[in-house]
Every structure is written in structure tokens, then in C-alpha cells.
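Asks: So the sequence lines, in the order shown, correspond to chains R and P. Position 105 of the first sequence, counting from 1, maps to 105 under my numbering, and the rest follow consecutively. Position 438 of the second sequence, counting from 1, maps to 438 under my numbering, and the rest follow consecutively.
These aren't lab readings, by the way, just hints derived from the structure by calculation. Careful, some of the hints might be misleading.
Claimed, not checked - Cut-off 25 Å, straight-line C-alpha distance, at most; resulting in silico cross-link-like pairs (SDA-like, lysine to any residue): (1) P:Lys388 / R:Thr54; (2) R:Lys31 / P:Thr193; (3) R:Lys31 / P:Leu510; (4) P:Lys393 / R:Glu89; (5) P:Lys297 / P:Leu510; (6) P:Lys162 / R:Lys42; (7) P:Lys297 / P:Asp70; (8) R:Lys42 / P:Leu532.
Stated by the list, open to error - Pulled from the structure, derived: some chain P residues nowhere near chain R, Cβ distances all over 12 Å: (9) Asp197; (10) Asp343; (11) Glu414; (12) Pro595.
Being a predicted model, the structure only gives us computed values, none of them experimental. For every residue, glycine included, the Cβ atom is placed at its ideal position computed from N, Cα and C.
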Amino acid sequence: MTIATLTSQPSGARRLAFDGPLTIYDAEAIKAHLHAALQQTKGVPLELDLAAVTDIDLAGLQLLLLARRESLRLELPLRIIAASAAVREVIGFCHLGDFFGDTLAPDPEG
Amino acid sequence: MEEIIGVFIQEAREQLTAMEDALLRMEQGDGDAELLNAVFRAAHTIKGGSGVVDLHLIEGFTHTLENLLDRLRNGEVRYSGEMTTLLLRSCDHIRALLDMREHGRTGEDAQLAEAGRLLAEGLQAFYTSGEPAAAAPSPDAEAPPADDCWHVSVRFGRDVLKMGMDPLNFLRYLQELGEITHMVTLCDAMPETADFDAESCYLGFGIHLRSDTDKQAIEDVFAFCRDDCELHILPPGHTTADSQAAAPATAGPSSGRIAVPGGAAQPDITEAAASRPGQAGNNRGAEARLIRVQADKLDQLIDLVGELVIAGASANLLARQSRQGRLIEANAMISRLVEDIRDSALQLRMVQIGETLSRFNRVVRDTAHELGKEIDLVISGADTELDKSVVEKIGDPLMHLVRNAIDHGIESAEARRAAGKPARGRLELNAFHDSGSVIIEVIDDGGGIDIGRVRARAIERGLIQADHHLTEQEAVNLIFEAGFSTTESVSTLSGRGVGMDVVKRNIEALRGSVEVETWAGRGSRFTIRLPLTLAIIDGFLTTVAEASYVIPLNAVVECLELKAGDTRGHMLNLRGEVLPFIRLRELFKVDGPIPMRENVVVITAGGGKAGIVVDQLQGEFQTVIKPLGRLFRHVRGIGGSTILGSGEVALILDVQALTQLAVQREEASFSFTRLSFPSSIDTLESSHAPE
Chain R
1 MTIATLTSQP SGARRLAFDG PLTIYDAEAI KAHLHAALQQ TKGVPLELDL AAVTDIDLAG
61 LQLLLLARRE SLRLELPLRI IAASAAVREV IGFCHLGDFF GDTLAPDPEG
Chain P
1 MEEIIGVFIQ EAREQLTAME DALLRMEQGD GDAELLNAVF RAAHTIKGGS GVVDLHLIEG
61 FTHTLENLLD RLRNGEVRYS GEMTTLLLRS CDHIRALLDM REHGRTGEDA QLAEAGRLLA
121 EGLQAFYTSG EPAAAAPSPD AEAPPADDCW HVSVRFGRDV LKMGMDPLNF LRYLQELGEI
181 THMVTLCDAM PETADFDAES CYLGFGIHLR SDTDKQAIED VFAFCRDDCE LHILPPGHTT
241 ADSQAAAPAT AGPSSGRIAV PGGAAQPDIT EAAASRPGQA GNNRGAEARL IRVQADKLDQ
301 LIDLVGELVI AGASANLLAR QSRQGRLIEA NAMISRLVED IRDSALQLRM VQIGETLSRF
361 NRVVRDTAHE LGKEIDLVIS GADTELDKSV VEKIGDPLMH LVRNAIDHGI ESAEARRAAG
421 KPARGRLELN AFHDSGSVII EVIDDGGGID IGRVRARAIE RGLIQADHHL TEQEAVNLIF
481 EAGFSTTESV STLSGRGVGM DVVKRNIEAL RGSVEVETWA GRGSRFTIRL PLTLAIIDGF
541 LTTVAEASYV IPLNAVVECL ELKAGDTRGH MLNLRGEVLP FIRLRELFKV DGPIPMRENV
601 VVITAGGGKA GIVVDQLQGE FQTVIKPLGR LFRHVRGIGG STILGSGEVA LILDVQALTQ
661 LAVQREEASF SFTRLSFPSS IDTLESSHAP E
């Protein structure tokens, strides 16, 4: 079961952290969390912490893309401040580095 | 190696047939671009195969052929009518080379070599001197430098995730085939958040894959979700415009930087892509569903099943005699299974007649050309199935009938116009099933058979006496008599010394029959009736005195008791209908007392109906047909023999002949003419006169 925690950062930004898999099994819940976070975050940047994401499939990737599109529409800064190896692998594989480019923090190891 | 060559030769012949078919259709004005592709593929397959089995003569010649076809396909050379003749002759040449190899010779003789050289020169002349066709520029002409990547564009079905598949895994698997040099994610189909179902898949991908694999292998990657995903694969070397065309047509307004601009797919380009590299794969798929089996293995199986049927009948009989209920039950079960095995085994031997019939496209074309006639061939019922051995043996008689129809039947264009008929003649080949037999008809719309000339010729040849009175049908049937030919001019086509009598004999050797109907000025119809199978039939067992006779069940209409009051001579009153009948007891001169009760089996064959009078009816019986020895070949009314469960021999009645006999006798008794009846009938009639 994926645990999502929404916290306020000292910088004023809101941070949504996922712990567990971002997959089809919890897709509805993840979508709801993302949607709620986007709706609640008014005027402040939203940070996604994906460092503890153990697994991500196409459903998960699709939700990240949806969140990204929604943030563009709402003109709300969205950043992925940390990503696990699994997330990086999928984003790299799909050549989506550019898409998340300025939002995705550089890989600490690479 | 010989075995591989054998397989190659057989396959090459099939390819040649396909090639001829396509060429003939092209000649008839079928403008389908796929036809040319089919011809090219056939040539290409033959060339490839011949290279593998080291038949370099064929490889070399086919290479020249393929060159021309390739240029035709690319539009560099324009297709013309005279090319067809040359291409068809090239098919013949390859066939001759195959025949040569099959007969164990590896080098061609001077004549064949010369023919091959001339043909090759002819083919080359078309593409070396041929000016490039302006109308159809080569698609490659303006293409930018070839790109070495496959372009794969895929949109997954909505429910792919719900079905437990992760499309990412398919994409990852693509890496096994080669290197993914580029990938774009298409998310334009994603709805607004409110309508977004997190468990549906809205994504598509455009992928550049650098690989030397074939299209089939790429398609196979998506095999699990192939049914509901939209997949377009373009081979390396296409233009950038194509790749946009290949992007799914549903692509809407581009979103962010990730969507590829969408455009309406150009079907011809994607189709071309599909037909080229994919072809090899498709062929493989078709082959995987078929197993080539030696024909004699199949025959052996049929033989064994035949023995099984006989042994089963024997066991059945013993079981019944033992009166043990459970044994009888078990045997009944076995009998039913044996019946099923019999049917499936026979089904294995069934082949469609289409291949045999479509051969005539070429025959009709060539023959008509030779005679300066214009003839359309119409084939129907190509999917009618019949026993392989029958199909093989019917080719020659059919060929003769077809040639005859073209040569003697259909008149020249001038004569046709003068007679107020369309200048183009029409020849029909129809095949269909009719009560347990297969009927093949050869119908022409020519002048019909001149009965007066037939009669005159028959008198001249001494086949009949000048004062013989013949019905029209009897006169027409004279064409099947040995040594009969009505044409004054012996052409190269007919008049080879092989007459209609050989046709008739060949067909009768297959337990079939041939009939002719003719209408003056309107044409003729030859009807060939063949048994479905030569091996095993459902029979109806009857006895006369001690002897057993089997009547093919599909010919049996009904059975009834013979009542003395209903008969008059050889006629029987069947509910007000006059039915001619034959007493087997008399026909086969069976001695012994006539039983109190006699039974009539009403049979139908060849449109006629007759009764066969026997002593007792025994019921249905699976009959394995054993041929009669040569000694009995001329016995009329018997088609074969079989072995009963008790080990006794039973004779199988030839219903066709018996019906004819009965009907003829009926007609004869009215007209009092006695024309060439077999002697058995004469004696039968005279012996029966007192009644």
C-alpha cells in the first residue's frame, strides 16, 4: 500500500511524498492524492518526493504526466525533488527527461 | 538433401501456380497493385529457395525475372500486354527446369538452355531499353538518404492495464531486438482530470528502433495486446513524411513538447510497409498451420482404418451372437468411434478442387489465343472438396473436355457474331456436391453438337447400321464410342488419337460417369459425376439367396415390399408413379427358390430412379471398398466388393449403371429398339419373356 504524505515545507512549498509502489493497484488513490495536492496548493510550488517509490508502471507514469499537465494548466510550479532509481529508470527509458527536465532534480549518484 | 529439394520443387510449383493466377488476372484488367506484389513475391521466393538448394540454373533465371518484376513494381517499367505472354512462358521455363531436376538431371539440354537464354534476353530487353514510365515515378526517387531505424508507433488499448499488463514491459522487450534510439510519449489522448480513469491507459509511443530484425518480430513483441492496440511499423529507409503518416491518426493537438505532430495516415504507404517486410512472416504463419505428410503414409492410414472397419464388423457380429448385453454395448461404442475415425481419416484425404480447376485459366487463355478465339472462363465451386486420388486423376479427362469445348464447341468470333451471339465465348467449369457425389460440369455456349454429323460419322465408322433408329440422346452418346471423332481438320489441340472414349473410360475407372447434353446453336454441357471417395462408404446391406449385396446408402431413397399386384413387366406402381425395376436374382442369375416376400430398394442416381428387387434387407453397413479383379472389369452393375464381418464377400452394386439399365429398358420396351445393350440384358429379357 502506497502511503502519501502532504507536508508544508519551511520554504512555503507543499511537499507530497510517496512511499511504496506507484502502480495500477493504487492508481485511483494516487490520482486522488495528486489531484487534492494540486487543488489545495494555492500559489505555492508543489514538490514531489519520489525517493521512496519502490516501483512504477505505466499507470504511475501516466499519473505523473497528468499531474504535470495539470500544473501547467494551473500555472503552478511542480518539481520532482527526489526520485528513486525505479522512477529514474522509467523516465529515462521513455526519454521523458526533458519533460520533467527542469522539474526533476539531478540524480545524486550520476 | 534430396528431400529438401523435393520440398523445394513442390513449393516452387505452388508459387508458380500463384504467379500464373496473378498474371492472368492482371491481363484480364484487374488493376490491383497487390497482384504485381504477389507475382514478385512468388519469383522472389523461388529465387531464394533455389539458391538454398543449389539449383543455380533456376536461381539465375529467376533473378532476371525478378529484376523485371522489381522494376515493374517500382514503376520504372510500364506493364504491357505482351509482357504477360513472356512472363507466363518464363513460368513454364522454370517449371521445365524443375521437372528436369526432379528427373534427376542437373544440367539442362541444349534446347532448354537455348529457350532459357531467349527468354532471359526477352525479359532483359523490357527493362534495359524500357523508358522509365513518366506516369508513375519511383517512390524511391525523391527519398532522402535512408534512415536505418524502424519506426514503431503504438497506442495501447484502454484496458491494457486492467488486464494486468504493463505496456512498459513490451517496450522494454523491444530493446532485445535492437537499440531504441529515440522515443516520444504521446499523451494527447489523456482526458481532463475529472474524466481521467487512473486504471485506463491513454498513452501512445513513437519509437525509433535500430535493428536488423523483421517486421514480424516487432509485431510479435506486441502479440499479447495486439488485438486492441493500434500498431504501425515502418521499415528503415522511409521518408520523414511517412513517419508522420504512421503516427496514429487520432493524435490531437500537440501537448507540451512531447507529442509528435499528427496527420492523416496515408494508407498506401503504411500498406506498402506492411506488405514488404511482413510477408516472410505471414508465409511462415500459414505454414505453421499445415503439416506436409507423405501421401503414402496417408494411404496406409486409410488402409488400416479400412481393416479396422472390417475387424470391427466381425467383432460386432460375434458380440451379437454371444448375446452378452455388456459386450454388445461395448462393441457398439467401439463401432461408433471407428466410424468417427473413418470419417476423419477420409477427411484428411479431401482436397479442394480449386487448384485443379484454376489450372484451366492458363489452358483456356493459351488455347484460345492459338485458335484466335476470345473465351472467358468462369469457375465456380472451387472450394468443393473431393478425394485427393480422384482430384489427381480427373485432371486429364477434364483437360480433354475443356480443349474440346474450345476447339469444337465454341465458334470463331465471326461465326458467333453472325449467329447473333456475343463475340466472346463463355466456358464454365462448375463443381458442386450432389447426394454423395461430386459433379463437375463443363459448359460452353458454342454451337452444340451436330447430331446429324454424329450419326453420319457413326455410320461411316461402322458403329451403327444406317437403318438404326436412335433417339437424340443415344445419338449424342455415340461421341463416347471408341474411334469416334467428328472434326474434319485434325488440329494440334484435339485429334491426338485420344477421343472421348478415353475420357469416358478414365472417368468410369474412378467409379464415375460422364453425360452430355447439347442444344443446337446454344452449346453443350458435359456432366461428370464422381464418387466423393474411393475407399469407404456407408452401405445398405441386402441379400439375395445366399449372396450379399451392398447398395451405397446415399443412393437409397426408400425400401418397400414388392407386391405382385403392383407390378407389370418391369414396371412398378410406386404411389401412382411408374418405377422401372430390376430383379438382382435375374440380373445375376441367382438360383434357388424365390422367397415368399421380396423387397424393393428404391435408388436414385444421375437423375434417374429405379427399384432393385432383393430377398432380404439387412440394414446399414460400413463398407470398405475393395476393387474387383481384372477378370470382373466388364461385369455391369457391380462396382466393387467388400468383406463382411463374417468374412464373407459381398458385392457392391453400381447404382449408376443399374439405374441406367432399368431406365433404358423402360424406354426400349416402349420404342422396341434394341441398341447395343449388354448381352446380359438381352438374355435377361429373353429369359423373362414368358412373364
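Asks: Would you check the hint for Lys297 of chain P and Asp70 of chain P, treating anything up to 25 Å between C-alpha atoms as holding?
Replies: Since the Cα atoms of Lys297 of chain P and Asp70 of chain P sit roughly 41 Å apart, the hinted pair is violated (cutoff 25 Å).
Asks: Next pair to validate is Lys388 of chain P with Thr54 of chain R; report whether the Cα-Cα distance is within 25 Å.
Replies: violated, 64 Å
Asks: Looking at Asp197 of chain P again, its CB stays over 12 Å from all of chain R?
Replies: violated, 8 Å
Asks: In terms of Cβ atoms, is chain R entirely out of 12 Å range of Asp343 of chain P?
Replies: It holds; Asp343 of chain P is separated from chain R by about 50 Å at its closest Cβ, greater than 12 Å.
Asks: Below or equal to 25 Å on CA atoms is what counts here, so check Lys162 of chain P against Lys42 of chain R.
Replies: violated, 34 Å
Asks: Is the nearest Cβ of chain R still more than 12 Å from the Cβ of Glu414 of chain P?
Replies: holds, 74 Å
Asks: Could you grab the alpha-carbon distance between Lys393 of chain P and Glu89 of chain R and see if it respects the 25 Å cut-off?
Replies: Violated: Lys393 of chain P and Glu89 of chain R sit about 67 Å apart, past 25 Å.
Asks: Can we confirm that no CB of chain R comes within 12 Å of the CB of Pro595 of chain P?
Replies: holds, 83 Å
Asks: Would the hint linking Lys42 of chain R and Leu532 of chain P be met if the CA-CA limit is 25 Å?
Replies: violated, 84 Å
Asks: Check whether the Cα positions of Lys31 of chain R and Thr193 of chain P lie no farther apart than 25 Å.
Replies: Distance ~9 Å between Lys31 of chain R and Thr193 of chain P Cα, so the pair holds.
Asks: Given the hinted pair Lys297 of chain P and Leu510 of chain P, is their Cα-Cα distance within 25 Å?
Replies: holds, 21 Å
Asks: Would the hint linking Lys31 of chain R and Leu510 of chain P be met if the CA-CA limit is 25 Å?
Replies: Violated, because 76 Å separates the two Cα atoms, which is more than 25 Å.
The structure fails hints 1, 3, 4, 6, 7, 8 and 9 (numbered hints given earlier, in ascending order).
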